[in-house]
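Chains as they are written, first to last, in my numbering: chain A, 1 to 802; chain B, 1 to 164.
Keep in mind that the hints are not guaranteed to be accurate.
[Said to hold, decoys possible] Taking lysine to aspartate or glutamate and the DMTMM-like style, the derived pairs with C-alpha atoms no more than 25 Å apart in a straight line are: (1) K788/A x E731/A; (2) K429/A x D663/A; (3) K153/B x D18/A; (4) K428/A x D737/A; (5) K339/A x D639/A; (6) K788/A x E179/A; (7) K153/B x D10/A; (8) K725/A x D125/B; (9) K225/A x D510/A; (10) K465/A x E607/A; (11) K725/A x E787/A; (12) K339/A x E302/A; (13) K153/B x E400/A; (14) K725/A x E280/A; (15) K539/A x D510/A; (16) K339/A x E400/A; (17) K725/A x E124/B; (18) K153/B x E94/B; (19) K339/A x E181/A; (20) K725/A x E128/B; (21) K423/A x E44/B; (22) K543/A x E596/A; (23) K543/A x D639/A; (24) K725/A x E94/B.
Bear in mind the hints are in silico, worked out from the structure with no lab data behind them.
Bear in mind the structure is a predicted one, so any value in this text is a computation, not a measurement.
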Amino acid sequence: MRDTTWIGRDLPRPDAADKVAGRAAYIHDLSRPGMLWGKVKFSEHASARIVHIDTSRARRLPGVRAVITGDDTPEIRIGFLRDNVALKRGRVRQQRDEIAAVAAIDPDVAAEAIELIRVEYEPLPAVFDPEQALHPDAPLVHDRDASGRPVTSNLLPVSVRHVSGDLAAGERAARYVAEGEFSTPLIQQSCLGTAGCIAEFDLRGNLTLWAKTQIPFLAQRDFVKALEAMGLEGRNARVIVPALGGAFGTGLDTHCYEYIAMLLAHRTGRPVKMLYTREEEFAFLSPRQSARTRIVQGCDAEGRLTFRRIDVLQDNGAYTSWGATYPTVMLIPATSLYKVANVWFDARIVYTNNTYAQAMRGYGNPEVTWPIERTLDDLARQAGIDPLELRLRNVNEPGETTPMGLEVTTCGLRECFDFAREKLDWAKKRGQQRGARRGVGVAALVHVGGSGRIYRSDGGGVILKLDDFGNVNVSYGGVEMGQGLHAALTSAVAEALGVTPERVHVNPTDTATCPWDVGTHASRGAFIACNAAIRAAAKARTKLFALAAELFAPEVARNLEAHQRRNPGYEPPNFDVGAACAAGRFQLASGVVTLEGAPAEPWLRLELARLLRAGHFRGVAGQMIVEEAFYEPPSTLPDWSEGVGNMSACYAYGVQGFEVEVDDETGEVTILHAVSAHDVGRVLHPQALRGQVQGGLAQGIGYALYEEVRTHEGRVLNPSFTDYKIPTAHELAFPVDVHFVETDDPAGPFGAKGVGEPGLVPTAPALASAIEDAVGVRIADLPMTQEKIVRALREQRAPRGS
Amino acid sequence: MIDLELTVNGELARVRVEPGARLLDVLRGPLGLPGTKEGCGNGECGACTVLVAGRPVCACLTPAAEVEGLEVLTVEGLVGPGGDLSAVQRAFVEGGGVQCGFCTPGMVMSVHALLERNPDPTPEDVREALTGNLCRCTGYAQIVESALLAARKRREAREGGDRA
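All chains, full assembly: derive it from the sequences and hints.
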């Protein structure tokens, strides 16, 4: 690995001081002159015809400036399949459908006005179970697609399949076979900062939208299309991203509330702000997709995997978000978590009248890693092989090309297992502590580590703008949402350009000033931004050194004169500055230009700021240094119907493990110890990296043990933190051994891989394995609540038929 | 409407508000102190934690009228002249106790209150004190480390005679 000055050091996060002082400006804190407050009237039925909407009383309420419905506004189609409209006309398909909206002078008036809107419905048949939704006689959630073509089934026209090798041969070669049905629930991403936006038009019809988004440029594209639908062809949509109070996938789509804010702003001619309350966030913001998975996999007598078959049924809800592309990421663990030759994968996504779902951290990966890892334990038991040993017999290795065509450039999975085995004292503890109701378990993950190509371009650009004072202003179109992107980018720019980190200033994300970026997903932010920054810095250095070739010698000659004035009798060492300059032997480090091999004389160095000013202020030859580089990772867009393609530039691996104690009366799971080892390529910023891993681990624990959005006929039953519990500081009071394996990937910036998501991915199966080791119960449906554990323990004590 | 005289961050202010106005809205609105965040409006998340007479409370559940005559301290009040961060705030920066930052002001205030009454807390004391403050980003590990670092900084400052 190359030596570095700033990479790998815990520099203070550039955003931290403002955040601890309460100075960071979130959407909640932003206001615009003349701003109104918008609010949405949501449906009270999951499936109904809208017979009549009476807005007359709302319109008469003092302070109300606009009331809009789908009937008096242009139709704005949104969503991955354009099957959603911002304000519904004539028909609702989920409990949270947007029926009307108001703009008022303050939030209280807006809320009061919403209460005055009366809607008359005619209930229609609905379907809430994805299996039932596939029945030929199930009510159709949509009877036409976005282009108006009739449809005959609730099955989405999104197919992701993979067949490789010879499944039948793999089945014949298997000595042991494990199978089962597993499920993962709807999860609320639970950002501490709720969703919101401000929409504002200028008098030429151009829109500015302050958005809580992870995809400023795809959002811009969506908003430009919406402007066209509003009759504003050729107008611009500018997206500005304020400080985000968390995102975790919620910002990977544009949302109806954003388009409604646009409509209200256009109708009133004033800026309009929308801000969800916590209850609205729980009830009306799309949760993580739920999935049901059927798996069969087998191994030979030595425990080597011979085949794997996975069938996924995903509940889409009533409309389609980018979350419908979950199966593209499910393919990664399905085909490439451990070595397995003969693989079948098929995913069906089904419309129901449930709340429509969207993405969350891990993006399909945990949904499939869950059944894979759980059935591996089953195979190990059948084969009489230690479950960690069985995993090692199938461990991924560098140089491998997986059935999906993933090219494994670097892989530290074995080292991660070694770490977990040692720290958990595996040999002594696995299977040895049943009497104490204690157990240990591990599970692994593979995820994209070099972005994940699910769009035509998977790139992103960085602009470096150097000013007269030696500051470097960095513009990148991805989003800092708390993960530490700006910390990593600051270190990378300082390192690659050769300046001190204090001189690096990352600008707020704004489509008007930043180069295009596909979005901050797939753990790609630091990977893409730092790679682009390295390339932009190389271009800037080339220009700086060209300037230096002309200006270094005269500038240091002035230095020398001054030095000699201060030090009479000083004789400079014998060094031919002109020749060294002509040879272009320049160095730039910590904001100072020097010549390679030059003596360390104080005058024989040039501050970057002086070089920049000398370049700027030289008459008609004056020049500024602004450099841009667009980085497109070396990966391919897979063919989804075949499920084959090297979708990432490199892959991240990891192992998590737990020791738990289970109370066999209450079913309570107490975590005694956690281990989290990750192949991260190279550590860019240790503190931010640990934060990502530990934060992911915590979300994984909630996912594993208790988080679930409960619904009845599509209505969310637990829309509060009291009823939807996320982990607290009190519950996470166990030691966590975090370990990073540095494999120095050739595609990574300084060797680093993306690591935003992995912490969440293998947590649930590792915990499940530990719980099974402790008390022998196996639970297939997440979350593994106390109730489910108690029930399983009772069944264990009193087997059926006795 | 009622007139209230509030003492916030050591400064007196007179405001005219609705009788039931929440302290949170008065801080963020007329007093121009947006550092206190609203995460739930229901006393569940702790993002709006401020200190009233030294005790941490949820500003979303506290009527502004109830704090008349009491010292209210918000996250802005911990910042010294010239933007000098307090020991707790500096510890959160150094210790990595900040990710998205939305829970941070509330966390900082809870830790500040803890250290005022217990200058040498154990990790368990810290976790107990933060049970009412939800964070979705960090998994709390670096927040707890930051709190313990803050305790050390304050003790060292006291021994060295500096501002805590």
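Going through the hints against the structure:
1. A threshold of 25 Å between alpha carbons decides the hint, and for K788/A with E731/A the separation of about 19 Å falls inside it, so the pair holds.
2. This hinted pair checks out: K429/A and D663/A have alpha carbons roughly 18 Å apart, not beyond 25 Å.
3. A distance of roughly 20 Å separates the Cα atoms of K153/B and D18/A; the hinted pair therefore holds under the 25 Å criterion.
4. As the CA atoms of K428/A and D737/A are separated by approximately 18 Å, the hinted pair is consistent with the 25 Å bound.
5. Note on K339/A and D639/A: the hinted pairing holds, with a Cα-Cα distance of about 21 Å set against a maximum of 25 Å.
6. Taking the CA atoms of K788/A and E179/A, the gap is about 20 Å. The hint holds against a cut of 25 Å.
7. Our distance criterion of 25 Å between C-alpha atoms is met by K153/B and D10/A, whose separation comes to about 18 Å.
8. Distance check on the hinted pair: K725/A and D125/B sit about 22 Å apart at the alpha-carbon level, within 25 Å; holds.
9. Simply put, K225/A and D510/A have alpha-carbon atoms about 19 Å apart, close enough for the 25 Å limit, and the pair holds.
10. Restraint check for K465/A and E607/A: satisfied, since their Cα atoms lie roughly 17 Å apart, inside the 25 Å limit.
11. In summary, the hint linking K725/A to E787/A is supported, as the alpha carbons are separated by about 15 Å, within the 25 Å threshold.
12. Distance check on the hinted pair: K339/A and E302/A sit about 14 Å apart at the alpha-carbon level, within 25 Å; holds.
13. Annotation: proposed proximity of K153/B to E400/A is violated, straight-line Cα distance about 50 Å (limit 25 Å).
14. For the hint pairing K725/A with E280/A, the CA-to-CA distance comes to about 16 Å; that is within 25 Å, so the pair holds.
15. For the suggested pair K539/A and D510/A, the alpha carbons sit about 23 Å apart, so the restraint of at most 25 Å is met.
16. About 9 Å separates the Cα atoms of K339/A and E400/A, which keeps this hinted pair within 25 Å; it holds.
17. Of the supplied pair hints, the one linking K725/A and E124/B holds, its CA atoms being roughly 21 Å apart against a limit of 25 Å.
18. At most 25 Å may separate the alpha-carbon atoms for a hinted pair to count; K153/B and E94/B meet this at roughly 11 Å.
19. For the proposed pair K339/A and E181/A, the alpha carbon gap of about 22 Å is at most 25 Å, so the pair holds.
20. A threshold of 25 Å between alpha carbons decides the hint, and for K725/A with E128/B the separation of about 17 Å falls inside it, so the pair holds.
21. Proposed proximity of K423/A and E44/B is contradicted: the alpha carbons are some 36 Å apart, above 25 Å.
22. At roughly 18 Å between alpha-carbon atoms, K543/A and E596/A fall within 25 Å of each other, so this suggested pair holds.
23. Of the pairs offered as hints, the one joining K543/A and D639/A is violated, with about 41 Å between alpha carbons and a cut-off of 25 Å exceeded.
24. With a C-alpha separation of about 29 Å, the suggested pair K725/A and E94/B falls outside the 25 Å cut-off, and the hint is violated.
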